[in-house]
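Colleague: Residue strings, one per chain:
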Amino acid sequence: NAGVTQTPKFQVLKTGQSMTLQCAQDMNHNSMYWYRQDPGMGLRLIYYSASEGTTDKGEVPNGYNVSRLNKREFSLRLESAAPSQTSVYFCASSALADTGELFFGEGSRLTVL
Amino acid sequence: GENVEQHPSTLSVQEGDSAVIKCTYSDSASNYFPWYKQELGKRPQLIIDIRSNVGEKKDQRIAVTLNKTAKHFSLHITETQPEDSAVYFCAASDSGGYQKVTFGTGTKLQVIP
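Keeping their order, the protein sequence lines are chains A and B.
Numbers 1 to 113, taken from this note's numbering, label the letters of the first sequence in order.
Numbers 1 to 113, taken from this note's numbering, label the letters of the second sequence in order.
Next comes chain A alone, as it looks inside the complex:
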């Protein structure tokens, strides 16, 4: 089992460009999440999907959109990238919506120039 796989691992964008981060999990988990990690700020929730067919905003959703394509896949889209979106992005999944271990992907380092 690969666990949680996210692509790409690295990406450099220019301001205003768009891109999509892809995430897939093979653990049959119901819930999936997108976090961003910035120095000194911990992990902040961007969007989450408690179950297939549902998505909701987290703590820092502005400038992002998500799609829960099916139970396995949860993508994060930046429509018009800004330098403030330079960060490391982590996708995560959990078996249950209300509690339990988060399984993280390896992270995607995004730089917006």
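Hints listed in this document are in silico derivations from the structure and should not be mistaken for laboratory results.
Just so you know, nobody snuck in bad clues.
When the alpha-carbon atoms are kept at most 27 angstroms apart in a straight line, the in silico DSS-like pairs for lysine-lysine are as follows:
1. B:K58 with B:K42
2. B:K37 with A:K9
3. B:K68 with B:K108
4. B:K57 with B:K37
5. B:K108 with B:K42
6. A:K9 with B:K42
7. B:K58 with B:K22
8. B:K42 with B:K57
9. B:K57 with B:K108
10. B:K68 with B:K37
11. B:K108 with B:K37
12. B:K37 with A:K57
13. A:K71 with B:K42
14. A:K57 with A:K9
15. A:K57 with B:K42
16. A:K14 with B:K42
17. A:K9 with A:K71
18. A:K9 with B:K108
19. B:K22 with B:K68
20. B:K108 with B:K22
21. B:K22 with B:K37
To spell it out: a stretch of chain B is covered by chain A in this simulated footprint if at least three of its residues, at any positions, have a beta carbon under 8 angstroms from a beta carbon of chain A; those stretches are:
22. 34-46
23. 100-111
Cβ coordinates follow ideal geometry from the N, Cα and C atoms, glycine included.
Since chain A is already given, all that's left is putting chain B on it; use the hints.
Modeller: Only chain B this time, still in chain A's reference frame:
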């Protein structure tokens, strides 16, 4: 919303000594408190968690304590080893329908051989 504060931001200990990381939370509805370890360049991984109906939990050299009245919880690592060097994140979550996990800002632990 929930606010999790974590101290210290950096911690250096000699190999074999103990390390203590402290966190406070604001939302009395929080009832699940996980700790994640993130090695340099790697994904966060769960190392231990505690629920609000338990005051203390141990797993070999690591232990977590919870004081619900004071709304604080702590991670204790005994007999530290160089491989314990990493960033540690505390988190708090309530079970209100989905796992809205709020993370602390992290503690960088350095174990000096």
